[in-house]
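Peer 1: What follows is the residue order along each chain.
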Amino acid sequence: MATSLIDADSLLALDVGSANTRALLFDVVEGRYHLIAAGTAPTTSGRPYDDVRLGIQEAITQVQNLTGRVLLAEDQSLIVPSRSEAVGVDQLVLTVSAGGAIKTVCVGVLEDVSLQSARRLASTIYSSVEAELHTSDKRSTEGRINTIIQAHPDLVIMAGGLNNGASRSVEQMLEAVGLAAYLLPPERRFEVLYAGNERLAREVEETLSGITPVHLAHNLRPTLETEQLEPAEEKLLEIYRSIRLRQMPQLNAILSQAAGKSVFYPTAHGFGRIVRILSKIYGGPKGVLGVDLGAAATTIAFAWEGSGRQKVFSNLGLGAPLAKLYSHTHIEKIERWLPKEIPPDEIIDYLYNKMLYPESVPVTEEEVLVEQALAREILQVAIKRTYEDFPKQKHLAKGLLPAFEPILASGGILTKAASPPQALMTLLDGLQPTGVTTFVLDTNQLLAPLGAAADINPILTVQMLSTYHLPVLATVITPTKKLKRLGVPLLRAEVELATGAKKQIEVKSGTIGVIGLHGGQKARLRLQPLHGADIGFGAGRGGTVNVSGSKIGVVIDARGRPIMLHTDPEKRREQISKWLASLSRWA
Amino acid sequence: MVFRPVVRTMPIAEVREKRLLPVPGKVLVSVGQTVKASDVIAEASADPRYRLVDVARALGVPRSKANEFILCQPGDLLRAGDTLARKQGFLSRIVRSPVDGKVILVEEGQILIEEYREPYMLRAVIPAKVSAVIPDLGAELATTGMVVDGIWGNGRYNYGMLGAATQERDAEITTKDLSVEKRGLILIASRLTEAKVLEIADSLPLRGLIVGYMRAKLVPEALKVSFPIVVINGFGNRPMDSHSFKLLTTSVGQRVAMIARKPHRGRPVIVAPLPSAEHHEPPPDFDEVTVGTKVRITRAPYAGAIGQVTAIQPGMSQFPSGVKAPAAKIRLENGELALVPLANLEILVQS
Chain S
1 MATSLIDADS LLALDVGSAN TRALLFDVVE GRYHLIAAGT APTTSGRPYD
51 DVRLGIQEAI TQVQNLTGRV LLAEDQSLIV PSRSEAVGVD QLVLTVSAGG
101 AIKTVCVGVL EDVSLQSARR LASTIYSSVE AELHTSDKRS TEGRINTIIQ
151 AHPDLVIMAG GLNNGASRSV EQMLEAVGLA AYLLPPERRF EVLYAGNERL
201 AREVEETLSG ITPVHLAHNL RPTLETEQLE PAEEKLLEIY RSIRLRQMPQ
251 LNAILSQAAG KSVFYPTAHG FGRIVRILSK IYGGPKGVLG VDLGAAATTI
301 AFAWEGSGRQ KVFSNLGLGA PLAKLYSHTH IEKIERWLPK EIPPDEIIDY
351 LYNKMLYPES VPVTEEEVLV EQALAREILQ VAIKRTYEDF PKQKHLAKGL
401 LPAFEPILAS GGILTKAASP PQALMTLLDG LQPTGVTTFV LDTNQLLAPL
451 GAAADINPIL TVQMLSTYHL PVLATVITPT KKLKRLGVPL LRAEVELATG
501 AKKQIEVKSG TIGVIGLHGG QKARLRLQPL HGADIGFGAG RGGTVNVSGS
551 KIGVVIDARG RPIMLHTDPE KRREQISKWL ASLSRWA
Chain U
1 MVFRPVVRTM PIAEVREKRL LPVPGKVLVS VGQTVKASDV IAEASADPRY
51 RLVDVARALG VPRSKANEFI LCQPGDLLRA GDTLARKQGF LSRIVRSPVD
101 GKVILVEEGQ ILIEEYREPY MLRAVIPAKV SAVIPDLGAE LATTGMVVDG
151 IWGNGRYNYG MLGAATQERD AEITTKDLSV EKRGLILIAS RLTEAKVLEI
201 ADSLPLRGLI VGYMRAKLVP EALKVSFPIV VINGFGNRPM DSHSFKLLTT
251 SVGQRVAMIA RKPHRGRPVI VAPLPSAEHH EPPPDFDEVT VGTKVRITRA
301 PYAGAIGQVT AIQPGMSQFP SGVKAPAAKI RLENGELALV PLANLEILVQ
351 S
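Just so you know, the protein sequences line up as chains S and U, in that order. Residue 587, in the numbering used here, is where the first sequence stops; the numbers in between run on with no holes. Residue 351, in the numbering used here, is where the second sequence stops; the numbers in between run on with no holes.
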């Protein structure tokens, strides 16, 4: 039964990305929430515009033009609450990924314990860790002071000491943090988030409060075995908001126009939250994975039965951070994903030009290929750095992605790819999934705003998730195995269509097979992995799965894990072209 | 309404350039003051270093008693070797300052010293009048003259005479173009692809280098050289756009200021101050793209090409690669009609 929504509030979501700003209008039609219209404009928070409102107003104007609904007053302020069905909106959700990463210094006692937790906490928002301090770092107090000052941090996260545990080490660190803050002019002092030994919280507050803003949170590591990030994450969000609003004061004006009817989150947080909500809805042993590949950052969100988090890589994106991609990978690792020979010099030129013009669009085939190769490599780097955060999977070999269902993909390079096979190829190569999974595209990039909206309008979030069908890119079955030889049968499948028609297929190692199944069509697959390959039921064990079709069909990726690429460049390019052709054959 | 950034390639314009310190410091000029290129307009302690001297430990006394032996106080200026603390006795002990600096704190038997370091000095670079002071950060300088905006700089600046490395817009600068008579010049070159050129240019030395395109693999070397480098159009192996090349090469012999800002600090700029009796309104930083707007294209296959908008396409346009984006039709200088994503355009202002 539909929930009564007679007094339902309309909601405007503004998502300010580093390249584009989007406005999404949601309202109730025939008793349920729908996406009414969306507008997109270039983001104007940076040079030469330096006023985020221009892009926001342009995106809202597009929504006005599409719907005829007046959302902006003559002075360009947002009309909140609505005055009638045709004028104004009731609620505002603001998600922001634009703006530089929050410069952070992480401080812990033990490198592998509290410092690691501080680092993990920092990675839940758009932050860049500029320096790390711990008791074994061999720095003197003056060395620590100089390190902090030279990092020019916006934020220092202090962790360390089990509750009622070590205090001297924490006090040593506190001395350095306090002196560093004291030495900076007041307008350049950083915020401090203390989430260490709770017995010292009062001392930390007393020491720092007269010098610099200090925020206290529960200990990240109350015991050696326990890590609790959530309470500190809430505090970190508050700090993020205050820093971002200082950097983009115009956002304050927009939020104040919807005072009491608005929420403001980092986009990554909204995305992480929706992944957690979906994992609760789907339940089951498999987790839900979300990847958002943006211009300024890449977010990997993961959750099992409602529990999980997001990891933000502020140094990995398809815009400004590209020139720094070198520090994370080699040019050969980008080149290996190209189906065509493109000289390394041109790839490097591409990286730097994209850094200079992050909002620009690749037009030539070569540029699209380079951009997709970059996307694959960024996903590879990001996902490998997330493995340590996943729960241990007993049957899975080290260095492999656990099975997820589904995998949600967001970000222009994926959702606006020239063709669905190109988007899927980028995801398959970049993430290298295992077992049976479904790739879902966040075409309108709704997920992060919906996650943030759950705070003020949970009915909207729940209804949109149940009624708005995110397009399925493809169901992918991966017989997981480290390949030694190519061309050996790796999976046999019997496909039984809803009509009762049956057919058999066999997929060989080193290839991609596609079962032609249209969107809306359903089938039952009896799968038998060969030579000890694992499709999620255990090595060599078969099983039956029900699948739905998509534009691409059902994909069997038998290229091995990790994907086995030819060492000969010419043969490798041929291989990549063939794989893309296999995916495109049926699309 | 579509806004795009404005780039200036103007023979004469009113130029207002903000010269800012990297961190807050002291501004040394006032509004209305005329400054020369070499004048220091602001200074700051950009990279302070601190020393913490543990007197208690050095004298072997309890922390609570160490202050009795300390002879300096906050604010004192020190020379390396100055006495900080002394304990008299049969074996007298002395603690000396390890560096030149200033005492910041004396507490619990410890002395915190800020090391003396040469302050960062911000020079005017452009001979101009101070039109505004930005408290603690710097000043806005105003002049009239030729102005060309770039897109990438190596973070250096200089003022000097403009010379041409090559006469042909298609030509690439090579080591042969760097004869000894080019020493001390700010050289214009259409494109740069060889690292050796930078090495020789640095040994001459040049006073600056302006290129249309540069191979991105040269960025590490470009960041190391002692002279400023401004890239006008982008990275790659292409010729400089025709308007910038023409304007710069016709200005050979003039003195120009090069402010080669790194991308995160704004656009780099080249200014040749010229007297003008007329008032020239500075162009906006960004503007609306409409039919008739003169534009420069930033990305392949027309990167660096200049043209005029003949139509803004409704909705999304599809490109040969399959990518869809809002686009405009551009009449290029060679008469060709090109479909270009709006996001790949800059508005070109010439007068």
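Keep in mind that the hints were calculated from the coordinates and are not lab data. Keep in mind the model is a prediction, meaning the values are calculated, not measured. Think of the CB as a built atom: it goes at the ideal place given N, C-alpha and C, for glycine as much as any other residue. Possibly wrong hints are sitting among the right ones.
[Stated by the list, open to error] Straight-line Cα separation of at most 25 Å, PhoX-like style, residue types lysine-lysine; simulated pairs: (1) S:340 with U:329; (2) U:36 with U:26; (3) S:416 with U:329; (4) U:329 with S:324; (5) S:578 with S:482; (6) U:26 with S:416; (7) U:102 with U:26; (8) S:286 with S:398; (9) U:36 with S:324; (10) U:217 with S:340; (11) U:224 with S:324; (12) S:286 with S:392.
[Said to hold, decoys possible] Output of the computed footprint for chain U on chain S, the stretches with three or more beta carbons under 8 Å from beta carbons of chain U: (13) 433-442; (14) 469-477.
Peer 1: Give a verdict on every hint.
Peer 2: The hints, checked one at a time:
1. S:340 with U:329: 29 Å, violated
2. U:36 with U:26: 18 Å, holds
3. S:416 with U:329: 22 Å, holds
4. U:329 with S:324: 34 Å, violated
5. S:578 with S:482: 20 Å, holds
6. U:26 with S:416: 49 Å, violated
7. U:102 with U:26: Answer holds: residue 102 (chain U) to residue 26 (chain U) is near 18 Å, not above 25 Å.
8. S:286 with S:398: 17 Å, holds
9. U:36 with S:324: Roughly 37 Å between the alpha carbons, so the hint for residue 36 (chain U) and residue 324 (chain S) is violated.
10. U:217 with S:340: 21 Å, holds
11. U:224 with S:324: 17 Å, holds
12. S:286 with S:392: Holds: residue 286 (chain S) and residue 392 (chain S) sit about 13 Å apart, inside 25 Å.
13. 433-442: Violated, because only 0 residues of the segment 433-442 of chain S bring their Cβ atoms closer than 8 Å to Cβ atoms of chain U.
14. 469-477: Contact hint for the segment 469-477 of chain S vs chain U: violated, 0 residues under 8 Å.
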